[in-house]
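So the protein lines, in turn, are chains A and B. Going letter by letter, the first sequence gives residues 2 to 116 in my numbering. Going letter by letter, the second sequence gives residues 29 to 140 in my numbering.
No lab work stands behind these hints, which were simulated from the structure alone. Just so you know, these numbers come straight off a predicted model, no measurement behind them. Note that CB positions come from ideal geometry on N, CA and C, so glycine has one too. Some clues are possibly wrong.
Stated by the list, open to error - Listed next, the in silico DSSO-like pairs over lysine-lysine satisfying Cα-Cα at most 27 angstroms (straight line):
1) Lys96(B) / Lys132(B)
2) Lys10(A) / Lys58(A)
3) Lys96(B) / Lys82(B)
4) Lys84(B) / Lys10(A)
5) Lys99(B) / Lys84(B)
6) Lys33(B) / Lys84(B)
7) Lys33(B) / Lys132(B)
8) Lys58(A) / Lys84(B)
9) Lys99(B) / Lys82(B)
10) Lys10(A) / Lys132(B)
11) Lys132(B) / Lys58(A)
12) Lys96(B) / Lys84(B)
Stated by the list, open to error - To be clear about the criterion: a stretch of chain A counts as covered by chain B if any three or more of its residues have a C-beta under 8 angstroms from a C-beta of chain B, and this derived list gives those stretches:
13) 78-88
14) 103-111
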Amino acid sequence: DSGVTQTPKHLITATGQRVTLRCSPRSGDLSVYWYQQSLDQGLQFLIQYYNGEERAKGNILERFSAQQFPDLHSELNLSSLELGDSALYFCASSGYTHPSGNTIYFGEGSWLTVV
Amino acid sequence: DQQVKQNSPSLSVQEGRISILNCDYTNSMFDYFLWYKKYPAEGPTFLISISSIKDKNEDGRFTVFLNKSAKHLSLHIVPSQPGDSAVYFCAASAAGNTPLVFGKGTRLSVIA
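Whenever a hint applies, use it, and build me the whole structure from the sequences.
Encoded structure:
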């Protein structure tokens, strides 16, 4: 158990709809990351928040948005969903930053299926 | 443009033998490297890391080697066990609290 909690674990929704994925980081971790894993793809970085502020942005579509709340939990909002958005969405968190980089800890993921 | 590449999608090894998983990177700013292991229906789990000031880091059966001049790292698992069967992701980051960049993974199958 990494200590990172994601809900829901599974979600099926129709094209054009909007969903919200939720993540609670490990206790004390200030950074939250969102990654997407599609079929045959690696883990694609979407966005990072640090203590409530957006820190880095990756390959996140304009239809997607995220935020981190004062209690440090984060939400990823996916709107105008398309079939190609079907994927595993992982949240990860990190605390201590190694001088050269950081180790992040993943939740179990939210499996989104768009039909 | 893939900055972290795992060129072998899959690898099969007999139980008890050594498993060697390889990873190449292109970004010379990367100085911290990690390996994650992922079982089906679970999130990736941190396995081992190495910073650029080292060329080897060992943790039990797992050893990571870093060759900075070749921009190459490898993960050695010895002896391999059936429970090691999983997808292994290589990841890298630049200095500071920057997001990790992942490879596409190598599926390891350890055959009893």
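Hinted pair Lys58(A) and Lys84(B), Cα distance within 27 angstroms: violated (31 angstroms)
Coverage criterion applied to the region 103-111 of chain A (partner chain B; beta-carbon cut 8 angstroms; 3 residues): Three-residue rule met by the region 103-111 of chain A, so holds; n is 8.
Holds or violated: Lys84(B) to Lys10(A), with C-alpha atoms at most 27 angstroms apart: Answer violated: Lys84(B) to Lys10(A) is near 37 angstroms, above 27 angstroms.
Hinted pair Lys132(B) and Lys58(A), Cα distance within 27 angstroms: holds (20 angstroms)
27 angstroms Cα cutoff - pair Lys99(B), Lys84(B): holds (14 angstroms)
Pair hint outcome, Lys33(B) versus Lys84(B) [Cα-Cα no greater than 27 angstroms]: holds (20 angstroms)
27 angstroms Cα cutoff - pair Lys99(B), Lys82(B): With a Cα-Cα distance of about 13 angstroms, the restraint between Lys99(B) and Lys82(B) holds, given a limit of 27 angstroms.
Annotated coverage of the region 78-88 of chain A by chain B, confirmed only when three residues or more have a Cβ within 8 angstroms: violated (count 0)
27 angstroms limit on alpha-carbon distance, applied to hinted pair Lys10(A) and Lys132(B): Judged against 27 angstroms, a Cα distance of about 22 angstroms means the pair holds.
Distance restraint between Lys33(B) and Lys132(B), which requires alpha-carbon spacing of 27 angstroms or less: holds (7 angstroms)
Proposed proximity, Lys132(B) with Lys96(B) (alpha carbon, max 27 angstroms): Distance of about 21 angstroms is within 27 angstroms: holds.
Pair hint outcome, Lys96(B) versus Lys82(B) [Cα-Cα no greater than 27 angstroms]: Distance ~9 angstroms between Lys96(B) and Lys82(B) Cα, so the pair holds.
Checked against the numbered hints given earlier, the structure breaks hints 4, 8, 13 and satisfies all the rest.
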